[in-house]
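Asks: So you can see what is in the structure, the chains are spelled out below.
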Amino acid sequence: QVQLQESGPGLVKPSETLSLTCAVSDYSISSGYYWGWIRQPPGKGLEWIGTIYHSGSTNYNPSLKSRITISVDTSKNQFSLKLSSVTAADTAVYYCARGGATILNEAFDIWGQGTMVTVSS
Amino acid sequence: QSVLTQPPSVSGTPGQRVTISCSGSSSNIGSNYVHWYQQLPGTAPRLLIYRNNQRPSGVPDRFSGSKSGTSASLAISGLRSEDEADYYCAAWTDSVSGWVFGGGTKLTVL
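Residue numbers (the numbering used here), protein chains in the order written: chain C, 1 to 121; chain W, 1 to 110.
Keep in mind the hints are simulated off the structure, nothing from the lab.
Glycine included, each C-beta is placed from N, C-alpha and C at the ideal position.
Nothing false has been slipped in among the hints.
Derived SDA-like pairs (lysine to any residue); straight-line CA-CA distance at most 25 Å:
| hint | chain 1 | residue 1 | chain 2 | residue 2 |
| --- | --- | --- | --- | --- |
| 1 | C | K44 | W | Q39 |
| 2 | C | K44 | W | T19 |
| 3 | C | K65 | W | V3 |
| 4 | C | K44 | W | E84 |
| 5 | C | K44 | W | S81 |
| 6 | C | K44 | W | L40 |
Pairwise CB distance ranges (calculated):
| hint | chain 1 | residue 1 | chain 2 | residue 2 | range |
| --- | --- | --- | --- | --- | --- |
| 7 | C | S30 | W | S68 | 38 to 48 Å |
| 8 | C | S84 | W | T13 | 47 to 57 Å |
| 9 | C | S57 | W | P8 | 33 to 43 Å |
| 10 | W | R17 | C | S84 | 41 to 51 Å |
With these hints in hand, go ahead and build the complete structure from the sequences.
Replies: Below, the structure written as structure tokens:
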């Protein structure tokens, strides 16, 4: 059964770069699928951050695009998120998830458990 | 304010049927699939309905989805206490080439 697991620092200082990794098990990323990052500020709703295809092509949330980099490392079977110049507004639970096999508008069917990231000095 | 509009809360008694609406536009719901997610307290979201009205394996048939024009609905029949959760609709938006989520609806089982 495919599983996703987020990892990274739980505390990031303002103006620094948030870096998270999503390790995928029981499926080879290089075989296909879109892979995404979604976040949820405390007590609020879900916000899509961005999606990457196994080939490396990306789609980013326009409101975050200038600060986001999503990449895939097929050798480690994982994909990563970098969010630069963070502020307190970036404090959230960050989820990674699997999207459609070949089509962008398919649902995120498998989610990681999420990792809480707090931005504070 | 979310691009997809959901009621903040709905409630019902055990056994009752409730519906949650999700309103969008021609560039998202009107031209793409709608998906629904259930988020139990303290857990990650779980896919509940995909492609407007399809249930993943393991989702009870008490949950059903529908779509008409630029709106969609999630119906839960035979309400149970374990259905108490937050529910989110989502759709791809062609105009920005990205995903949009509804603001979420908190279901309370009285």
